[in-house]
Amino acid sequence: QQCVNGPGAIMCASGKYSSRGPALIPRMKTKHRIYYITLFSVVLLGLIATGMFQFWPHSIESTADWGLDRRSVHDAPLIRLPVANPIPERGDLSCRMHTCFDVYRCGYNPKNRIKVYIYPLQRFVDEVGVPISSTGLSREYNDLLSAISDSEFYTDDVTRACLFVPSIDVLNQNSLRIRETAQALAMLPRWDKGMNHLLFNMLPGGPPDYNTALDVPRDRALLAGGGFSTWTYRQGYDVSIPVYSPLSADVELPERQPGPRRYFILSSQTAIHREYRAELERLKEENGEALLLLDKCSNLSQGVASARKRCYKGQVFDYPQILQESSFCVVLRGARLGQATLSDVLQAGCVPVILADSYILPFSEVLDWKRASVVIPEEKLPEMYTILKSIPHRQVEEMQRQARWFWDAYFSSMKAIGMTTLQIINDRIYPYAARTYEQWNNPPLVKWSSVNSPLFLPLIPPRSPGFTAVVLTYDRIESLFRVITEISKVPSLAKLLVVWNNQNKSPPEDSLWPKIAAPLKVVRTKENKLSNRFFPYDEIETEAVLAIDDDIIMLTSDELQFGYEVWREFPDRLVGYPGRLHLWDHEMGKWKYESEWTNEVSMVLTGAAFYHKYFNYLYTYKMPGDIKNWVDAHMNCEDIAMNFLVANITGKAPIKVTPRKKFKCPECTAIDGLSLDQTHMVERSECINKFASVFGTMPLKVVEHRADPVLYKDDFPEKLKSFPNIGSL
Amino acid sequence: MQAKKRYLFLLSAGACLVLLFYFGGVQLPASGRNRHDRSHNGYRPDQPWPHFSDPLQQFLPWDQLDTEEYNIHISPRQKRDVNTSVYKGKRCRMDSCFDFSACKKNDFKVYVYPQQKGEKISESYQNILSTIEGSRFYTTDPGQACLFILSLDTLDRDSLSPQYVHNLKTKVQNLHLWNNGRNHLIFNLYSGTWPDYTEDLGFDIGQAMLAKASISTENFRPNFDVSIPLFSKEHPRTGGDRGYLKYNSIPPFRKYMLVFKGKRYLTGIGSDTRNALYHVHNQEDVVLLTTCKHGKDWQKHKDARCDKDNAEYDKYDYREMLHNSTFCLVPRGRRLGSFRFLEALQAACVPVMLSNGWELPFSEIINWNTAAVIGDERLLLQIPSTVRSIHQDKILALRQQTQFLWEAYFSSMEKIVLTTLEIIQDRVLQQESRSTLMWNSHPGGLFALPQYSAHLGDFPFYYATLGEAPPPPPPPQSTTQSNIIVLWNCDKPLPAKHRWPATSVPVIVIEGENKVMSSRFLPYETIVTDAVLSLDEDTVLSTTEVDFAFTVWQSFPERLVGYPARSHFWDSNKERWGYTSKWTNDYSMVLTGAAIYHRYYHFLYTNFLPASLKGMVDQLANCEDILMNFLVSAVTKLPPIKVTQKKQYKETMMGQSSRASRWADPDHFAQRQTCMNKFASWFGGMPLVHSQMRLDPVLFKDQVSILRKKYRDIERL
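Those protein sequence lines, which keep their order, are chains V and D.
Using full-length UniProt numbering, the first residue of the first sequence is number 1, and each one after it goes up by one.
Using full-length UniProt numbering, the first residue of the second sequence is number 1, and each one after it goes up by one.
Keep in mind that the hints were calculated from the coordinates and are not lab data.
Every residue gets a Cβ at the ideal spot worked out from N, C-alpha and C, and that includes glycine.
Misleading hints may appear alongside valid ones.
[What the hints assert, rightly or not] Calculated from the model, a selection of chain V residues having no Cβ within reach of chain D, i.e. all distances over 10 Å:
no., residue
1, Glu127
2, Ser298
3, Val316
4, Asp318
5, Arg476
6, Lys489
7, Pro514
8, Lys515
9, Phe535
10, Asp585
11, Asp626
[Stated by the list, open to error] Computed Cβ-Cβ distance ranges for the label pairs, DEER-style:
no., chain 1, residue 1, chain 2, residue 2, range
12, V, Thr697, D, Ser572, 48 to 56 Å
13, V, Thr99, D, Val86, 18 to 26 Å
14, V, Glu286, D, Tyr244, 54 to 62 Å
Can you make the complete structure from the sequences, with help from the hints?
Structure follows, in structure tokens:
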């Protein structure tokens, strides 16, 4: 055995040493002599070697400035595989996470993130020194492993790892020697029957029958494979990944607006089976210009140039640019099911038409391909045109957008592919912390504009639990007592909670409070803040909360009860009495607050409003930006903030109930009294602008309706109406 | 060995070592802790991946891109045929074991074998068969059929069970349409028996698909079999109880965090996890109870823990725990699935699955992570900390999703069977299949028919999820409609062209072919807008009223928005539903003689409802509006919306018009009552919901100048 010259030689020697050293240590006591002799000779050898290096042309001084940025694969240790080394088993088709994956290695983890270890690079050769792979480490696999090592999944501590990624590149089976690769895998120190090992393969199988999964025997290792068929894919165990298209790195295709394009269907693949090409040509004859059927250019030499050109009857087209000129792009199976074309097509924002029976689409475990592609059975290729024509335009546009988003997020680089794969495995191990369908499938724009109301179940809660009235008060005791007395007449009142916001004065003695049937509770606050009104007090045991000011004495018990009934029909909305509106002031170029008699409503005042207790919790803990502090500092606009919050999370307008009233009491400055004040209006307008900028959008929704009892103002005996006393002034 | 020599050796070795380090050349692996030393030649084992910067080769060389010598290979058609012959039995897939050609385009029909005399069929299986026979998929012609259902009871294949059907093998083989099980669907709830409970059905199912409960991932053939939930004999045939969730209380925690109450088997398989549950039981908020009492001779096998466990078990009431727990443990029993699963789902107790390898019910379409916590039996001891780590918001969402799924797919046998058929239909029709979103969000896959449109935005349900605005706002004036469609349902000939009024929008006249009531709700292609304003010939509405109703509809695109309203009530004397047109304080229906709704409901009315109900409507020439209200409320679970109307219109509707005779007719009224009860029985319950409010324009009847009001005409008499 000889080691080659140059810097590699020393690695080779030390590699040998390390592999023999540990075996000697236990024998030290019994075989002292041999140990000492060996130690001595090794040191002597080392000395000679060092000496040689001192006078070698490429000496240590010159290697010292290699630095971190000039690492070479040639420095990786060379490992020789004895012929007799064991070969792993072929791979068990019945493997699932609960049978072939050791979950204890991942354990309980507060971050819910798996730890991934990458084996250091080794160069495997067989006994005669021929490498096991013709390419060795490929550029793509290096990118992939680099991305993993830069990610939060990575650990360099092999004992803490949950998932192991070998550095043996098996992306392309064509370049592998199968038996030797398998032996190399089995030699990995933590292989342990492939348990928790993840292999990445994009081009499985080889001539003549092109298996749809990597042919390298791999025991229980997980396979992230491109081109699985339904017969080789172990659902919930393997991960189906795309075939990376090297063109992506080369060509930048700017995103194009979705919409109709020059060609309806484009076929750009070059290695299409002649039978299918004949079918496509027949389609072209029938439908003419709508179809563009490209093939390779006969006059170009092989290589990059030919990969980037396509021809049709002598006409030359740039590839992949031409893909952007078509609405639908055909992705037909080749010898393999997975095609790199799919990636190009998605990048071009062209809707892939996938004809590959039994193909497991990339990342199908999490991606909803129904929204980004059309899958047609190979047998129905002749009907392709009719099938595609029946898809509504809006859907085509949506699919174009979705296709491009899939590429951006999951196909665009080896990093994207690797991270997606790890995330999918991560989601299986910590399913309760898994990413949601929306997170996986919604493009950023949709994520931004869509709403998923936290109270999404259509549910009309029963009347019986009633509501809790929360009265915010400072020191207007007389008015407060009147409010309490009025509210106590409402049949569905469950409890009354007085939030005493005055730190300098104690609430009146128990005996002075009005005697009411419902329980009354006083909460004293530590600071005089407006946000105290929206705190999710434990004392609030009902879903429904009525926020009411201590000066709102003009609402009748019928009006309040009716408000509660309306809230039951809209438990995810603010249901309030006085309505307000926001308007766009074209002159000033900003939002304006409006409290005049308008035909529209976009907010209800929380001086008297029903809402779900959940929104208290949201207001207190999830209010975006500094809005909460801003409100407390300005002692104003808490109601506007609440309207913003609810509209933003539900995407729905509030409900204004019952006709407009004069919200004024003689002895106090009520909402309306204040609202008339010019400075007050300016301040409220400022709030709207401030909040809109914090939310980054205007979430308020404008509506033109209000809710009244069914028989309101109808010519019908008042006695028979459920809520006769509504709208009285 | 002499000591002297030994020391000499040591000394010289030491000297050499010192020399070695002096030269600073070689690194022994053991001494190379120094980072600088190790990065010397650029390669550090055990350190992050070094991001090699050599010019590496591509994994797919350019010249390999198109050199797959594919053209010399066998024809792809032949290759497909090879698959069919190779992948059979346990490896069956739709591609290899299903004959698509039997299913004509857009036509998914199911044939049920006629029942043989003397053949014993359990009530559950009888219910499955009658559900299929009552569904829109049913055909009596095997030549038309795409899917075949046996009339031999295959539900219980536990050979010790009294329901077990013997000689199934020969009986099945004797069926002349059997064709080795091709395009057959076999329902099964129980398979195998004590002690090992295998998943073998005890007869050769050939190439038939299985709709099976408790199926394991090992035996499950993806996209071929369907995993169904285990349901009891008492599971209702149609309708079914609603979920128990009545309110979304905040904070969402209930009295218990995690509960379980069930048997622990002393013999046979299935108790490994249950045996260990006592480790996690803490008598406070995690209450996991097992009993050894099962079978007659349990005391013979009783172990050391039995007495203690049994005593603890008797202390708690199952129902009470179920309704007062945030999470419910669903560990495997004898078989992978257990009744606990559906019970927890209905009770809005988030199921915590502990059944490794169970292919969850309808896993092909349901994203269970949004409604359950999928645990791992191997990590039982971590379960309490896992569920405690789940955020309140997530609990709120999980809980609501349990209720959605329960009501959409599980609450009745009919739903379970129809969901199974719809899943297979989606596979067969492919182009017209539902996306994951449609299956997993309200109103669910059974109400969202993919044949209507491939575009989610065409349905009234997904605007919010897609971040799309509901249909665009109307242009000024009352030109919100872009078509007027007149359905001529009269035997008299059409009026001459010049007699029709001139309009700014096109008028399309359709002559009803059958002149029946239901044609009012046909999904005409000429309806191009999402909103449909349905009118009777004698309806009098002002443009203001229509404009206002349209703006209201934009806020509630999934509901019916109408003017005159009606109500239903339970007549406890007659024990049936009553119908009233009296003015009441609430309503549950709006008349479709004047209503705005989404055009999808035309499609749903025509394609979802069974011929029996539509036939009844046509025959009576009545009740079409009631049926539409039933349908929309069944979908939305919400009441319709009544908007304000002018008084004048009310009077027309109350009986002064050309239809007066019809409305005044007492028979007409009785018919509507009968309709309601017939519809309620088909829907398996009363879908209508009452509302107490009406929507008026913001300034309606307010004491402010009428000039300020946008919809002032509504107030004028």
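Hints, verified against the model:
| no. | hint | verdict |
| --- | --- | --- |
| 1 | Glu127 | holds (24 Å) |
| 2 | Ser298 | holds (12 Å) |
| 3 | Val316 | holds (16 Å) |
| 4 | Asp318 | holds (16 Å) |
| 5 | Arg476 | holds (28 Å) |
| 6 | Lys489 | holds (19 Å) |
| 7 | Pro514 | holds (29 Å) |
| 8 | Lys515 | holds (29 Å) |
| 9 | Phe535 | holds (12 Å) |
| 10 | Asp585 | holds (20 Å) |
| 11 | Asp626 | holds (22 Å) |
| 12 | Thr697(V) to Ser572(D): 48 to 56 Å | holds (52 Å) |
| 13 | Thr99(V) to Val86(D): 18 to 26 Å | holds (25 Å) |
| 14 | Glu286(V) to Tyr244(D): 54 to 62 Å | holds (58 Å) |
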